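Here is what each chain is made of, one letter per residue.
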Amino acid sequence: MYNFDYQKPGALADAVKALGADDAKALAGGMTLIPVLKQRLNHPSVVVDLAKLGLSGITVTGDSVTIGAMTTHATVAASADVKRAIPALAALAGGIGDNQVRSRGTIGGSLANNDPAACYPSAALALGATITTNKRAIKADDYFTGMFTTALAADEVIISVSFPIPAKAAYVKFKQPASRYAMVGVFVAKGPAGVRVAVTGSGQGGVFRFTAAEAALASNWSAAALNGLSVSADNMMSDIHGSAVYRAHLVGVIAKRAVTAAG
Amino acid sequence: MPQVTLTVNGKTSSVEVEARTLLVELLRDKLGLTGTHVGCDTSQCGACVVHIDGNSVKSCTMLALQADGTQVTTIEGLAAADGTLHPMQEMFREHHALQCGFCTPGMVMSAIDLVQKNPQGLSQDEIRHGLEGNLCRCTGYHNIVKAIDASQSLMHAKAAE
Amino acid sequence: MNAVFQGIGASVRRTEDLRFISGKGNYTDDINRPGQLYTIFKRSDRPHAKITGIDSAAASAMPGVVAIFTAADFAGVGGLPCGWQIHNKDGSPMAEPKHPILADGKVRHVGDPVVMVIAETKQQARDAAEALAIGYEDLPSYSVSRDALAAGAAAVHDDAPGNLCYDWHIGDKDATDAAFAKAARVVKLDLLNSRLIANPMEPRSAIGDYDRTTDMHTLYTTSQNPHVIRLLMGAFVLGIPEHKLRVVAPDVGGGFGTKIFHYAEEAAVTWAATKLNRAVKWTSDRSEAFISDAHGRDHDSHAEMALDASNNFLGMRVSTMANLGAYLSTFGPAVPTYLYATLLAGVYKTPAIYCEVKAVFTNTVPVDAYRGAGRPEASFLVERLVDAVCHDTGADPVALRRQNFIPRDAFPYQTPVAVQYDSGDYFATLETALKNADYAGFPARKAAAAAKGKLRGIGVSTYLEACGIAPSKLVGQLGARAGLYEVANIRVNPTGSVTVYTGTHSHGQGHETTFAQLVVDQLGVPHNQVQIVHGDTDRIPFGMGTYGSRSLAVGGSAMVKAMDKIITKGKKIAAHLLEASVEDIEFKDGNFSVAGTDRVKTFGEIALTAYVPHNYPIETLEPGLDETAFYDPANFTFPGGCHICEVEIDPDTGVTKVVQFVAVDDVGRVINPMIVEGQIQGGVAQGIGQALLEHAVYDAQGQLLSGSFMDYTMPRADNLSNISVGTENTLCTHNPLGAKGCGEVGAIGSPPAVINAVVNALSAYGVRHMNMPASADKVWNIINGGHRVAAA
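Chains as they are written, first to last, in the working numbering: chain W, 1 to 263; chain B, 1 to 161; chain D, 1 to 792.
No lab work stands behind these hints, which were simulated from the structure alone.
Note that the coordinates shown come from a computational prediction; the quantities given were computed from them, not determined experimentally.
Heads up, some of the hints might be wrong.
In silico lysine to aspartate or glutamate, DMTMM-like type, Cα no more than 20 angstroms apart, as pairs [as the list claims (entries may be wrong)]: (1) W:K52 - B:D68; (2) W:K175 - D:D652; (3) W:K8 - B:E76; (4) B:K146 - D:D598; (5) W:K175 - D:D536; (6) D:K571 - D:D584; (7) D:K24 - B:E94; (8) D:K657 - B:D82; (9) B:K117 - W:D142; (10) W:K8 - B:E16; (11) B:K30 - D:E130; (12) B:K30 - D:D30; (13) W:K175 - D:E648; (14) D:K572 - D:D538; (15) D:K122 - B:D53; (16) W:K38 - D:D285; (17) D:K122 - B:D29; (18) D:K657 - B:E94; (19) D:K24 - B:E90; (20) W:K175 - B:E161; (21) W:K175 - B:E76; (22) W:K8 - B:E18; (23) D:K24 - B:E126; (24) W:K38 - D:E130; (25) W:K38 - B:E18; (26) W:K8 - B:E90; (27) D:K24 - B:D125; (28) W:K52 - B:D29; (29) W:K38 - D:D45; (30) D:K24 - D:D718; (31) W:K175 - D:E586; (32) D:K188 - D:D211; (33) W:K25 - B:E18; (34) D:K24 - B:D29; (35) W:K38 - B:E126; (36) D:K122 - B:E18.
Which residues of chain W face chain D? A partial, calculated answer using Cβ under 10 angstroms [what the hints assert, rightly or not]: (37) S56; (38) G57; (39) G242; (40) I254.
Where is the CB? At the ideal position from N, CA and C, for every residue including glycine.
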């Protein structure tokens, strides 16, 4: 790891100011940033730890679940409120990484990093979440701009993420065997924004919507409605764990399993 | 240099560290707590697992400075003051859940957190799933799963005291 | 006294666990020497290139940098020696190019160390390593044996033409040809044995230290055999005489073979510590381990079985290309020859066998022993070939095996490939495994799985291995450059406690417990009065270390011999004290007594008398009770057994899950059943890992794609299920314990059982063979019509 300055501000304004420096990096749970720093793939001038900004917490209303950016996966997974309102979201959080990753990793960190193999982006996109930052509210549809890239500006900090409560939803993940990240993760939801199917782990551009499946499910919410449906292999990732064709096939299989799980 | 103040196994220390110092480096190199091991550099193996404020974390994936003000428990801090071992330590020995011993500290720390957080009890399959963050190359996990299974009733009985 | 039996056969809880479960272990990286420096090796990121220049000016000026060394600095230092010389078919010796400590003029694999940077802290050394500028001129590179052997391939070493290390053979070619000539049928199979990375959980580490007062050099290292490292590094690399060099291998976090070898980093830190007069420490990162720890396996083979009309095995022909990597590792050349082809008879009475092996230099990490070392390659080939015979002839896998087993009354059995099996009962292990696995109930389980949409398969492997290496005379004839005996020093202390100094090394095997049980059994001393000392060349007379499942069969036998000497001397002391003749003294349960009387001296009394010899036969007997034995066995040992695996495949995803695994092994005398079970379970887990998950993969550019735990699939708890272990033991006939060995059987017997089960599950798709690992994408490809590609 290269050395850097470390700041742990107690006020959002101070954090935003610190992040205005060249090559500043925000640190949430650190589950992706610290491994990247350890490999010397990034050389920040200053690391701004967001832990003291009071950004964690969960609020559930009649039609939405709002999760503070620094809320850990373990907290979301264990939340009785989330389990009641959007059980699929609690289950997704409870399946990210391992127990130790869930102790530290946060929803804000996951969405800000937008790793193409992360789980949360699929929930945000499928549920039509709104990402609230220190500057604005961003619709999930406008938020994910490609692998490891988002609509966030350098000095923009996620404050919270708000998920509309769906009628039905489920997330099923097929793990890359070694890293255990999502190789194909599919989040299906039937909610206020209609039927949405978001796929993570497999696309070259990061999370994406499986629109053919959405159309099929909109008229017939059943796994059988997805028979024969798959995505094109053209935009799928390919590596030693599976070809693009295999991943494209898995998207269809996992989507069906997610629909079955959603009931 | 920045300073970090934390309480490790009940003892509070203030240490100057470079910002890039990992918690595991602080524990091993500055505090001499070499029971916490480093087995990989990609946060996969879990040899470095410690408890921070009661939650298991990978100390190789956390800056020492992030642990400022926390309560840290390492493998060295599990036994009672009189030397009585934690039930998980006892069960690891009883069920031959370790061979070379290198993954053992992290495995034990993860296992304790897993059992503590699941007072309803875990099946052997659930225990296997709960060990996703820890690699062992020696045992094939068979006896680790047995040891954790056996520790459940002991730990829950103790917690109920 | 002992209320609980703690001798041979008891599952005594492990002594060493008390420190390991409390964080009190002492691994190499836990050790810090006063004034210690840290080193980072700058490694090649190219598979094959000329070094056109190294500019270290900027790095030298970085904070904390103490020294920067390149190959030029090691000019007077020898290369890493190879411990085994193989001869070609024509009798000429193998090609043996130099393996320099740091790459000299050329890099030959990604990970080849080029520059050694030493600084006050590890981070400073790393910062400086990054500031080095190394110029390269790329050369064509090869990671696959077949490509490196192709005509016109660039030479990895100028003194190894055609990239051939050796072209070796074993067996009677004419007799084998004759067997094939009269065969009613020939079954052929091409198969790969996948390249693996051992990945013990403790990365390698080494600390060099130097004491200028005594001119003593010390190396602390993660080794399975400190005396071997002292011999190789002292005599062949650094020219330090053994009495001036101490090698300490403290607690070692797993080895699995990859910590046998003498590595460049060990010599470099020892050399640099002397040069700088300060201790120098190196600890590998895991990512670094992937490109610097010796890899395992990597065979490309063609096998043929000749059968008569009744499916009796008449002859077997095998041709193998073995990838040795860029340099000869310590025992690399022995693995695909004497540890492999000598096992091709397996458990079968095949009368004629001929095997030829071409060993190849490639631009990959050196390949050497990994748990099983050659024997898993043999068992996979033989047991897959037997199942291919079943596939082609319609024979039943169990019946065909039984029909061709070496009969119970045929021992000692001389195979056509040099070795002689002393004992075994392959029928017994098979029958018990069939029972434990409820083999007869499989069709019902398969039907139940099918009803759930799953493909269920069952696979049998009846394997054999040779271990307990070995007779020095024999291995010397085969090319070993060392003896392979073992040493034990038994020191009875004046108050009757016992310290055992063993030349073997425990890195997970539980020697401190098992060996103490031998002392309990032989000398009648309580378990807690026995200390086992290993891993320090200054404390232990000598030893060859732990590998090849040899510690009990060879090291334990040395202990028994040394204890025999203790008892013999004790009897003389007792005879004197009891005023009886030596012939009348009996030793039992820790007491020396005059036969047929109640006159007794305890072991403790005899020990005290030996050290306080006031009333002692001093004219004829030296004081003291301290004996050493060197034990050189008469033969290898031959464990074997039957592994039966059941898998379920999800045809939608190709995911294969082992749903039942039954092992029934013959490991000879068992000292601690709990430890033996654990060894077998661990070996099986590694075998399942090879069969389903693990694979070291290079891309066409020579980069290791599976270069971290993010891409190299290590078995995790949820990849495995419980592993049923049973034994049907026959005793080894030539060592005093009757022990055979248990460390490797799991990894040797299991891979073919798993793949046989996978192929069985996929039989409806016309699958005859598949190479390891049976990963989800490969299996899915086969199900979806790609099996011709996947099997190629």
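Okay, the hints, checked on the actual structure:
no. : hint            : in the structure
1   : W:K52 - B:D68   : 11 angstroms, holds
2   : W:K175 - D:D652 : 15 angstroms, holds
3   : W:K8 - B:E76    : 29 angstroms, violated
4   : B:K146 - D:D598 : 48 angstroms, violated
5   : W:K175 - D:D536 : 45 angstroms, violated
6   : D:K571 - D:D584 : 9 angstroms, holds
7   : D:K24 - B:E94   : 18 angstroms, holds
8   : D:K657 - B:D82  : 45 angstroms, violated
9   : B:K117 - W:D142 : 38 angstroms, violated
10  : W:K8 - B:E16    : 16 angstroms, holds
11  : B:K30 - D:E130  : 25 angstroms, violated
12  : B:K30 - D:D30   : 12 angstroms, holds
13  : W:K175 - D:E648 : 18 angstroms, holds
14  : D:K572 - D:D538 : 31 angstroms, violated
15  : D:K122 - B:D53  : 30 angstroms, violated
16  : W:K38 - D:D285  : 11 angstroms, holds
17  : D:K122 - B:D29  : 11 angstroms, holds
18  : D:K657 - B:E94  : 29 angstroms, violated
19  : D:K24 - B:E90   : 15 angstroms, holds
20  : W:K175 - B:E161 : 40 angstroms, violated
21  : W:K175 - B:E76  : 34 angstroms, violated
22  : W:K8 - B:E18    : 15 angstroms, holds
23  : D:K24 - B:E126  : 30 angstroms, violated
24  : W:K38 - D:E130  : 14 angstroms, holds
25  : W:K38 - B:E18   : 14 angstroms, holds
26  : W:K8 - B:E90    : 40 angstroms, violated
27  : D:K24 - B:D125  : 31 angstroms, violated
28  : W:K52 - B:D29   : 27 angstroms, violated
29  : W:K38 - D:D45   : 18 angstroms, holds
30  : D:K24 - D:D718  : 29 angstroms, violated
31  : W:K175 - D:E586 : 66 angstroms, violated
32  : D:K188 - D:D211 : 61 angstroms, violated
33  : W:K25 - B:E18   : 17 angstroms, holds
34  : D:K24 - B:D29   : 15 angstroms, holds
35  : W:K38 - B:E126  : 32 angstroms, violated
36  : D:K122 - B:E18  : 13 angstroms, holds
37  : S56             : 28 angstroms, violated
38  : G57             : 32 angstroms, violated
39  : G242            : 4 angstroms, holds
40  : I254            : 8 angstroms, holds
Against the hints set out earlier in the document, violations occur for numbers 3, 4, 5, 8, 9, 11, 14, 15, 18, 20, 21, 23, 26, 27, 28, 30, 31, 32, 35, 37 and 38.
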